[in-house]
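Asker: Next come the chains, spelled out residue by residue.
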Amino acid sequence: MTRTDTAQPLAGSANRRPGRHIRLPAETGAAVGLAVLAGLLGWLQPSFFDPANLSSLLGQAALPGLLAIGMVFVLTMRDIDLSAGAVFHLAGVVAALLMVAGIDPWLAALAGILLGAGLGLINGLLAITLRLPAMVVTLGTWWMIQGLSLAAGKGQTIAPPGADSGFSTTLSGKAFAVVPAACIVFVALALALHVVLHRTRFGYRVQAVGSNRQAAAYAGIPTAKVRLLTLVLMGAMAGLAGVIHVGANGAIAPGDGSSFMLLAIAAAIIGGTSLSGGHGSVVGAAIGILLVQAILSAMSLIGVDAAWSNFATGALTVLALAVDRLFRLWRNRRAGHGEDNLLG
Amino acid sequence: MSDSPILLVRNVARGFGGTVVLEDMNLVVERGSIHAVVGESGAGKSTLIRVLAGIVRPDSGTIEFDGKKATISGPNAARKLGIGVVLQQAGLFHERPVLANLFVNREPLRNGLISRREMEARSRDLLRQLGLAVDVHAPLAELGPGERQLVAIARALLENPRLLILDDSHSALDRRETDRLFAVLRGLKAKGMSMLYASNRLEDALAIADQLTVIRNGRDVLSKARQELTTSEEAMIGQLRQSLFPLPLRAMPTLAGTLRPQLAVSRLGGGRLSDASFMARAGEIVGLAGLAGSGVSDLLALLFGAQKARAGRVRFPDGDGLPKTRTEAARRGICMISDERGNGLMQDKSIAFNLANVVVGARDWGSRWYSPVMALGRAARQIEALRIRSAPETPAGSLSAGGQQKVIIAKWLEIGPQVVLLDEPARGIDIGSKQEIYALIRQMAASGCIVLLHSRELSELTGLSDRILAFHQGRLAGEIAGADMDGGRLLQLIAAGEAEGEGRQTSREGIV
Amino acid sequence: MCKAQPFHSCRGLLVENRSLIQRLIARPEFGPFVLLVVEIAVFWGFNHDFLSPQNISNTLAFTVELGLIALAMTLLMTSGEFDLSVGSLFGFSPVLMWTLFNSGLTSLEVGFVAALLVAACIGLVNGWFVTQLKIPSFLVTLGMLLVVRGTALFVTDGFPQRTWSAEGSWLAEALVGDFFIGPFRIYMSLFWFIAAAIALGYVLTQSRTGNWIQAAGGNPSAARARGVNVSGVKIGLFVLSSVMASLAGVISSLRTSAANPNSGTGYELEVIAMVVIGGTALTGGRGTIIGTVLGILILRVMRNGIVLIGVPGLAYNIFIGAIILGMMALHSWLERRHQAGT
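Keeping their order, the protein sequence lines are chains A, B and C.
For the first sequence, our numbering gives the first residue as 1, with consecutive numbering after it.
For the second sequence, our numbering gives the first residue as 1, with consecutive numbering after it.
For the third sequence, our numbering gives the first residue as 1, with consecutive numbering after it.
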């Protein structure tokens with residue numbers, strides 16, 4: 001079959017057009033969308049491209065972005081981690097408390113990350129031993145972790161002292177005066193995890209288990225181990241995001257990160273990860289979070305009331321999902337599937 | 001019988017994403033008659049039924065019901081016309097009680113609330129006629145597969161359809177249950193119900209039908225009244241099956257007898273199975289024959305680690321006993337290939353991805369990396385060898401049933417399992433692919449695997465196996481090899497547990 | 001063919017003779033019932049005030065409001081969907097009602113109807129997105145949660161709406177009029193709740209609509225094949241859920257004479273927890289109103305009891321999370337045992 005390829009298709013990435021001759025990576029759509037959006041916003045409001053605005057945008061996108069790229073793995077495995085936002089918050093609180101108690105910031109950060117991974121491990125173990133889907137388990141652990149956060153933080157904002165410590169300055173620094181450190185971490189991890197998902201055996205297994213868990217088991221893939229590792233990864237990413245938040249912003253407040261879980265899921269889906277499992281794109285999720293954050297940032301630039309940010313996040317998510325779904329339907333119809341089955 | 005046929009199907013065609021399933025289908029069902037549609041699985045029977053049931057719309061062609069042109073736009077439209085359908089996937093609700101299943105969305109109401117008493121009353125007679133002596137308030141999941149099929153049929157009958165369509169929907173019934181069902185159907189025919197009956201089983205079709213249509217590759221190739229079928233035509237239909245099998249490679253491959261790896265089963269018990277002992281060697285295909293409830297499915301489940309054994313010991317060629325889980329079994333090179341392609345195939349992933357399942361996914365040693373380039377190369381190789389008609393990047397779900405099964409087998413061929421368990425591997429597959437799959441199975445055996453094959457189609461067993469173990473009600477009733485396999489002895493063993501010396505003469509053409 | 005012999009199921013396996021007691025135990029509501037009894041006993045053991053008339057009245061008053069939402073959620077979850085926007089509607093609807101009233105545009109009653117209508121529309125939108133665009137319900141409603149919450153905040157600029165004591169208004173009397181039965185202070189809303197529970201219970205178990213709901217959740221394609229309008233059913237249930245949430249919010253605001261746009265935060269999870277603990281399957285296909293009522297009581301008793309015995313209120317979340325997990329594990333285990341035994 002003839003192929004004019006512009007890029008080597010990554011096996012396992014969404015590829016549902018068997019008759020086409022040009023095979024573009026699935027992320028192209030999202031990237032184009034981002035470019036168009038950025039252009040539009042910049043044209044409507046030139047201050048969008050202000051270095052200050054851009055760096056704030058990138059910095060704000062990095063945190064839910066870290067959750068998003070972890071979430072890609074979980075979604076690809078046909079699971080969902082609802083506790084990610086709570087893990088983010090608890091890890092941040094714990095790290096901040098440790099710093100307040102005088103522990104070296106880097107160690108405290110490490111502790112936060114390990115805590116996140118540990119919570120992910122608990123999620124995974126519960127899911128496997130109780131034989132429940134991760135969505136159900138994380139519904140319960142969401143509660144518990146939120147409770148722990150409230151209890152530990154006593155509902156106050158925690159600002160660790162030592163804003164000039166190495167930790168803080170590193171994380172609140174910027175490269176090229178524009179790109180915040182958090183964003184660098186985010187981009188680096190995004191690229192790394194993209195490779196993991198598409199080129200390693202672990203990533204292969206994640207896709208296999210997500211596509212058809214039964215078939216994966218029948219083929220000998222250790223599904224329990226894969227689920228466990230995925231949730232641990234998710235937890236670690238959430239923990240990492242939490243400690244970075246403390247370092248970059250200098251404090252963690254009770255409401256921080258409440259919408260991150262939803263943003264992470266929306267970003268992953270915009271980026272091409274399928275809710276029904278089997279396909280995932282880390283780079284796509286990264287582009288997705290930038291997209292969403294760009295819109296939010298533009299809104300605040302235009303002077304839209306802060307109270308609208310909730311509204312906007314919610315509406316955006318739903319719109320993004322709707323557009324994604326419609327796009328898929330349209331693509332299916334063009335490929336000639338039409339109505340295969342009136343029973344849906 | 002009144003003059004006009006109740007159903008007229010003309011030039012109906014339907015394709016799915018590129019494959020043509022029905023090409024030019026014509027069918028005439030006379031009023032008050034039972035019309036059988038026979039054909040190999042994959043020939044288009046199920047699609048035809050789905051068109052008539054309103055689940056799928058034809059691409060072209062006309063349908064006339066009761067003399068009037070009909071567009072069956074959906075299941076409700078079919079129901080309004082008076083068409084009642086029982087599909088293979090019966091669409092039952094397993095957690096709900098039997099009674100609820102019988103009346104889904106047709107519950108009789110009293111004062112706005114569902115009247116259980118009325119449901120019981122209406123269904124009592126029919127259930128008795130069908131021989132279903134079950135607690136109607138028990139959840140459906142507590143019934144056996146045969147009873148569940150009868151519930152599905154009862155559900156359709158309760159609506160008094162004018163045309164009843166059955167799609168291979170009594171595959172789980174044994175002889176007695178089938179006879180009873182046929183008696184009920186004949187009774188309904190006498191009352192004026194017309195029936196369309198699609199099946200793989202020729203002997204059943206010949207027993208019940210007034211008229212017969214043979215469907216092949218989406219067309220009707222033969223359509224006649226049952227009585228008018230000449231013996232040569234009957235033989236031709238029957239023979240469609242015989243030519244499928246690769247030339248009898250019954251001779252054992254030449255490997256040193258004692259050094260061949262073997263599977264030793266000793267007094268194995270679990271589920272319905274009890275006290276089964278036998279041995280199987282590499283290079284041979286051992287057929288497992290038995291009706292539902294004979295223990296064969298339990299045997300396969302035990303060997304695959306899907307079920308825990310109650311008693312007995314098993315030794316695999318790698319020296320260990322029964323696997324504890326399916327994953328462990330697969331990792332040890334014990335694979336299960338069944339007609340449930342959902343167990344072996346990742347539908348939305350590419351062929352190349354699927355083929356790497358075992359080689360990349362399951363192995364703990366070796367490279368930690370997954371190389372799509374290598375995967376594509378591997379896929380290209382297998383596609384070539386197995387004659388799968390698709391490109392490596394296409395999603396596996398877009399293949400035909402036969403193609404999908406080939407991919408499933410191919411992924412195991414990559415590593416060469418020690419034991420291959422086959423459970424109706426060729427069901428629902430078109431003729432061409434069937435032949436190729438049979439050849440693949442032969443190949444697997446010849447390359448040193450131990451192959452255990454279970455199938456309900458006795459001709460498949462006799463055509464492929466080197467020897468056949470017959471099971472009856474959980475026990476190994478006997479072993480048949482060689483020339484014996486063509487006789488009625490096999491049928492007797494699985495039906496009754498023992499073969500009579502003389503006595504019953506089972507007509508040869510009845511054996512399918 | 002199989003004739004089930006006494007004590008033998010059709011598979012030849014021994015089946016216990018199911019006495020009444022055994023059948024009771026096998027019901028999904030049994031576990032929650034036991035849990036509730038144990039819980040009450042434990043709290044009463046710590047502090048006898050727990051069962052005082054005043055405490056019971058307090059607990060009951062608030063129970064009703066969440067309970068109305070939980071009843072509707074039971075039906076929705078039985079059909080296989082979630083609605084996470086109920087909490088935001090709980091806060092938004094009274095805000096809308098009072099805003100309309102305070103601005104002199106309408107009377108309280110008309111404001112009430114308007115709020116319910118708006119809620120119904122939101123339910124329609126939810127249902128449409130879920131059934132026509134096939135986006136998972138919890139994502140759609142999660143987004144809607146933010147949309148509604150944002151709107152509420154915008155309408156009020158974040159401040160609670162002024163509410164007058166609604167005494168004298170016949171609406172308030174009908175919904176939250178209170179009176180004393182002996183030492184217990186009962187609100188009218190309790191009767192509405194009981195009526196709703198009975199009505200929805202009957203619908204779910206004895207009506208054709210209830211069968212549609214269970215079929216839609218158990219096996220949607222089989223349901224469609226039988227002519228059930230699965231999409232219509234689900235849209236209707238989303239509307240019911242939104243309207244109930246709205247009604248609950250109004251009742252609460254009338255009872256407490258307050259309308260805070262932030263109220264209701266977190267209620268959606270609490271309601272889902274109530275439904276799940278009560279025995280309704282998370283994946284749909286099976287639902288129990290009785291179980292939900294038990295679940296409602298369990299959670300409310302827990303919250304009330306924790307405060308009463310002096311455990312920090314923040315521990316509530318942890319307990320609830322643990323109970324959710326425990327209950328679902330129990331259900332899952334029972335299901336598997338049930339399936340293995342047949």
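It cannot be assumed that every hint is accurate.
Capping the alpha-carbon separation at 20 Å, the derived lysine to any residue pairs in SDA-like fashion look like this [claimed, not checked]:
| # | chain 1 | residue 1 | chain 2 | residue 2 |
| --- | --- | --- | --- | --- |
| 1 | C | Lys134 | A | Val323 |
| 2 | B | Lys191 | B | Arg31 |
| 3 | A | Lys154 | C | Lys134 |
| 4 | B | Lys68 | B | Arg10 |
| 5 | A | Lys225 | B | Asp364 |
| 6 | B | Lys324 | A | Arg213 |
| 7 | A | Lys225 | B | Trp369 |
| 8 | A | Lys225 | B | Ala306 |
| 9 | B | Lys224 | B | Ile208 |
| 10 | A | Lys225 | B | Leu126 |
| 11 | C | Lys134 | A | Leu114 |
| 12 | A | Lys225 | B | Arg10 |
| 13 | A | Lys225 | B | Lys189 |
| 14 | B | Lys189 | B | Leu291 |
| 15 | C | Lys134 | A | Thr129 |
| 16 | A | Lys154 | C | Arg336 |
| 17 | B | Lys80 | C | Gly227 |
| 18 | A | Lys154 | C | Gly227 |
| 19 | A | Lys225 | A | Arg328 |
| 20 | B | Lys308 | C | Arg336 |
| 21 | B | Lys308 | A | Thr129 |
| 22 | A | Lys225 | B | Pro139 |
| 23 | A | Lys225 | A | Arg201 |
Calculated from the structure, these hints are not laboratory results.
Asker: Would you mind marking each hint as holding or not holding in the structure?
Answerer: A quick look at each hint next to the structure:
A threshold of 20 Å between alpha carbons decides the hint, and for lysine 134(C) with valine 323(A) the separation of about 12 Å falls inside it, so the pair holds. At most 20 Å may separate the alpha-carbon atoms for a hinted pair to count; lysine 191(B) and arginine 31(B) meet this at roughly 11 Å. For the suggested pair lysine 154(A) and lysine 134(C), the alpha carbons sit about 41 Å apart, so the restraint of at most 20 Å is broken. With a C-alpha separation of about 13 Å, the suggested pair lysine 68(B) and arginine 10(B) falls inside the 20 Å cut-off, and the hint holds.
A hinted pair counts as satisfied when its Cα atoms are at most 20 Å apart, and lysine 225(A) with aspartate 364(B) qualifies at roughly 12 Å. For the given pair, lysine 324(B) sits about 18 Å from arginine 213(A) by alpha-carbon distance, which is consistent with the 20 Å threshold. A C-alpha spacing of about 17 Å is found between lysine 225(A) and tryptophan 369(B), which places the hinted pair at or below 20 Å, so the restraint holds. Between lysine 225(A) and alanine 306(B) the CA atoms are separated by roughly 19 Å; this keeps the pair inside 20 Å, and the hint holds.
Between lysine 224(B) and isoleucine 208(B) the CA atoms are separated by roughly 14 Å; this keeps the pair inside 20 Å, and the hint holds. With a C-alpha separation of about 51 Å, the suggested pairing of lysine 225(A) with leucine 126(B) is violated against the 20 Å cut-off. Pair hint lysine 134(C) plus leucine 114(A) does not hold up; C-alpha atoms about 37 Å apart against a cutoff of 20 Å. For the hint linking lysine 225(A) to arginine 10(B), the alpha-carbon distance of about 55 Å lies beyond 20 Å, and the restraint is violated.
For the proposed pair lysine 225(A) and lysine 189(B), the alpha carbon gap of about 58 Å is over 20 Å, so the pair is violated. With a C-alpha separation of about 29 Å, the suggested pair lysine 189(B) and leucine 291(B) falls outside the 20 Å cut-off, and the hint is violated. The straight-line distance between the Cα atoms of lysine 134(C) and threonine 129(A) is roughly 31 Å, outside the 20 Å bound, and the hint therefore fails. For a cut-off of 20 Å, the pair hint linking lysine 154(A) to arginine 336(C) is broken: about 41 Å separates their Cα positions.
For a cut-off of 20 Å, the pair hint linking lysine 80(B) to glycine 227(C) stands: about 11 Å separates their Cα positions. The suggested pairing of lysine 154(A) with glycine 227(C) is violated, with an alpha-carbon distance near 55 Å, which exceeds 20 Å. Simply put, lysine 225(A) and arginine 328(A) have alpha-carbon atoms about 32 Å apart, too far for the 20 Å limit, and the pair is violated. With a C-alpha separation of about 15 Å, the suggested pairing of lysine 308(B) with arginine 336(C) holds against the 20 Å cut-off.
Proximity of lysine 308(B) to threonine 129(A) is assessed by CA-CA distance (about 19 Å); at most 20 Å being required, the pair is judged to hold. Taking the CA atoms of lysine 225(A) and proline 139(B), the gap is about 35 Å. The hint is violated against a cut of 20 Å. A threshold of 20 Å between alpha carbons decides the hint, and for lysine 225(A) with arginine 201(A) the separation of about 13 Å falls inside it, so the pair holds.
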